[in-house]
Each structure stands twice: as C-alpha cells, then as structure tokens.
Amino acid sequence: MTGRAPEPSDVRAELARAAAWLAEGGRSPDSRAATSDLSMDEALLLHSIGWEPIELVFGVSVTSIQVGVWTWGMGELTSPSDAHNLAVEHASNRLGQECAAVGGHGVVGVRVDLEIHPRHVDVALVGTAVRPVAKTSHPPGRPFVSDLSARDFVLLSNSGWEPLGLAFGASFVYAPRRNASTAIRQSSQNVELTNLTQALYAARETAMERMQASGIRLGAQGVVGVQVEEGPMRFARHVIGFTARGTAVRLGADGHRHIRPELVLPLDDAVVQFEAESLRAQG
Amino acid sequence: MTGPTDLPKDAKHRLDELRHGFFTSDLSVNEFLLVKESGFHPLGFVMGSSIYHTGFQGRRWTKSQELSKLTEAMYNARELAMTRMEEEADALGADGVVGVRLDVNYYEWGSDAAEFIALGTAVKAEGGKSYKNQQGKPFTSDLSGQDFWTIMQTGYVPQGLVMGTCVYHIAHRGLGQTLGSVGQNVELPNFTQALYEARELAMTRMQDEGNRLGATGIVGVRLEEKSHQWGSHTIEFLSLGTAVTKAGDDVTLPRPTVIISLDN
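Respectively, the protein sequence lines represent chains A and B.
Numbered per numbering that gives the first Met the number 0, the first sequence spans residues 0 to 282.
Numbered per numbering that gives the first Met the number 0, the second sequence spans residues 0 to 263.
FYI, nobody ran anything at the bench for these hints, they're computed from the structure.
Misleading hints may appear alongside valid ones.
Unchecked claim - Here are some of the chain A residues that sit facing chain B, going by a computed Cβ distance under 10 angstroms:
no., residue
1, Phe152
2, Ala179
3, Thr193
4, Leu264
A virtual CB, placed ideally from N, CA and C, is assigned to each residue, including glycine.
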C-alpha cells in the first residue's frame, strides 16, 4: 500500500487482454478477468493505487439460538449475543478463505446482511476480493475484510491507513417491567423511565465494548464507520438489542499522510431540497 | 453536571479502554480524514440517552397555547441525553464532539414513552491546544466532518450545539369561522399566528442558549416541526444549530475552484 503517484493504467491494453482471454475461452493460470460488484469508477480508483479486483466472494453463516431465551430473564441474554458473534466471525472467516483461495489480499465493499430471528442468526457477507497488481508482496496470512467501499479503501490507503477486518459486537438485555403501581403513578408525569434507560445503556455499552475488544484482537488502532442498530426486538418487546459494527483500521508504517482538500464549487443545478409534500401528515 | 458521575459502570469500562489510544468513530472515511486534516484526532464514539415518559397536559379546543409541561419534557429528556454524551466525552478528555445527532425514537413500550438519544464522535486537538468551550466543557456540534473542516478554516470555533423547543397547541377553528371562509381566498389568522409564535419561541430559546455560551453566531440552523404522537394540532417546534465564536485572526479561505461535474 504505497501512496506514490499512481501509474496511469492502460485501459486499452487491459480491454485487449480481456478480449483475448474471452476468445481463448479458457482460464489461464494468471487470469486477469474479474467478477466484481464494483462500479466502473471504483474499479478505476482501485487501479489508481495499484490494486485490482479479482472476484466476488461470499461468506454465510446461520447460527442457532437456544429455545426460550427471549421470554423471561434478567440482565443480559448471553445466548443470542454469542450466536451473533459466532455467526459474524464464521461468515467473515469464510469470506477471508474464499478471498485467499482466489489469491486476494482482502475484501472491500462488503455488504453485511444480518438478521436476528427468535431461533437463529443469519449473516451473509458479499464483497469483492482485491489484490495489488504488482505481485511483489505476498498475500497476508489473514486477508482483511472491510465494509468500506472501494472508494473509501483508496482514500484510507492514500492517507496511510489500512483496514484489518470487521469489528463487531452485540448485546441483548432484558428490561424489567415497571410494576403496576409505578406505571399508574407515572402516567401523568414527566419522568425518565430508568428501567428501560438502564437496560438500553447496558446493552449499548456491552455491545460497544465487544466491538472494541474485537478490534483490539485484530491489532487495530481504531474502528471507523461504526454503524449501530438498537431497539426492542421485534418478537420480544422487553428485550433491548444493540448491535455495532465497523471496519478496524491500523496506521501504516509511514504514518498519517494529510490529504489537503481543495475547495470546489459545483455549478450543477442545486437539487431541490424542499418538498412541500413533506409538511403534510408527518405526525 | 460536575463530572462523569452519572455514567453507568459499563460505560466507564468502555471509556477506560478508549483512553489507551484505541478509537471508535461513526464518521465516514471522508469525515474521518477531514477531521484529521483540521488537526483533530477522533477519540471515541460517545452517546447519551434517556427513555422518557412525557406527562399529560390538557388542551383547550379553541385556545392556541404553549403546552409548557410537554415543552419541559422535551427539554429535560434532550438535556439528559446531551449531558450524558458530554460526560462521556469529558471522561475521554475530549476537546469536543462532532457530528452530533439528536434523535427521538418511539418504541412499543407505550404511547408516551420515547427514547431521546444523542450520538457523536469525541475528538481531541493534536496540537495540544484546548478547544473546550467557555464553560470548560467539550464543545458539541452537529456539523458534519466536511462542515467542521470548512468552518475551522475560516477561524471560527464551535462552542456548542444549541437548541430551542416549544410544544404548541394550535386552536381549532370555530364553526362560524369555518363557514365564513368557505369558498373564499383568505388567510387563516389564528393558524398563522400560532405557528409564528411557536417558531419564534423556539428560535428565541435557541438564541438565548447561544448567548449563554458567548457565541457570535449560530450556523447550520435547522427548524423541525413534528407532531410526535400528539395528534395533528399539537406540534413541537425544534430549532437546532451550532453556536460558534470567532477565534483568532481571519483566515483567508482559498478561492473555490469552480467545477461542473459530468455525472448526474
């Protein structure tokens, strides 16, 4: 991952080579044809830092959750969060294995599809395996997995950072109900509902803590692009779930490089931001 | 509000880990790099929340009025969330919090309970200069990484996220009025006036908060109108913005390059 001025890639030669390969109808050992879900500009951007897409890779895991854990409980429900962690870890390992099998150094633009059902957790990861064009460096022992887009990957590596893997964590906490007399007393008051607030806090902090721990295990210095999902579970209203994930990153050996942005003023027509319809029926 | 005393145990543990150099951030890569470019380093994803039960206040069918109890609830709950977020940032030794989002989520726990949540990324200046606001607390700002970079280029420093809110009940029109205006082009003065007054109240309260922070101005003001779950005639007017002060000399922003992009 060097930040040197990119060699302009010769698209014409690339096309010719791809056409020749198609005409042969066979897969040569050093096949250059790529399957990827990257857009044209993302693929070109990758080439601008000397990387190329290789193949679309998948990783899937379905992990079961013990029966009956959602209904009654106290404090944290460990079975669903263990299942979540296992599922994401297995899926991401499989993604890494597929990536290594096609000779990739890592997977970018990973779409994370995560669903928590009462009895099982589904995780499906799809991304594009990438590698440096110049095969000077060996693939890393463990390919990186990142849910950042190829564009973000290019930006990061231009400024000296490298993605390491997905950092993730989840926690599910049972929120005790208020007893009837408290509920009635509070019905006309402005009060904080401490039972729910505390459960939410517990779930959030535990999940974030797990995400951090998983980042630290990857040897990362930080997690960027953290996305969180929170709220009561669809099928168990008194269980508050919190999941967090992001891409663990590490600063490369050369340190942070400043990007020096330039101010631009686009002359495109402004997009209409105000829609009169939006004022209607919001409540 | 004197220190991070109100924080739950779990939060402290997580923050301890963050203090050892590991960071988390919900900034996108663009924003992350721009925040670095402005001379700040992200410290951690901070948040505060409160699940709050709003009380009840009677409203009169024909009278436009502020519902002070509901206003108070909206203020209180947001303050609780913001204060907890600031405490987390303080515990990290942050200079400020950027990209703050204030949300209200309704769940199925009951019609009057809502979660008020404040989220943002705590940042610290790399140069060692303190950017805490005049009250000695980390600044808060709902500016995105891009806006943050731009405003820092011009020599302004954010002081705090300021808000003003007003829950207002707008009177229904009487039968006589309704019949009188059938088929006519007329302004409906009672509605107009009520909306005006509510907006002015919210804006004034926001400005007062800005003044208390000693700000020279408020940028990125947004005015949101929501009925939440109170029915169509009760509306919350919420204005939000980032209070800024001028620090140091004018910095000349480079002239922007004019571009026309070919996409679309």
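A quick look at each hint next to the structure:
no., hint, verdict
1, Phe152, "holds (8 angstroms)"
2, Ala179, "violated (13 angstroms)"
3, Thr193, "holds (8 angstroms)"
4, Leu264, "holds (4 angstroms)"
Checked against the numbered hints listed earlier, the structure breaks hint 2 alone; every other hint is satisfied.
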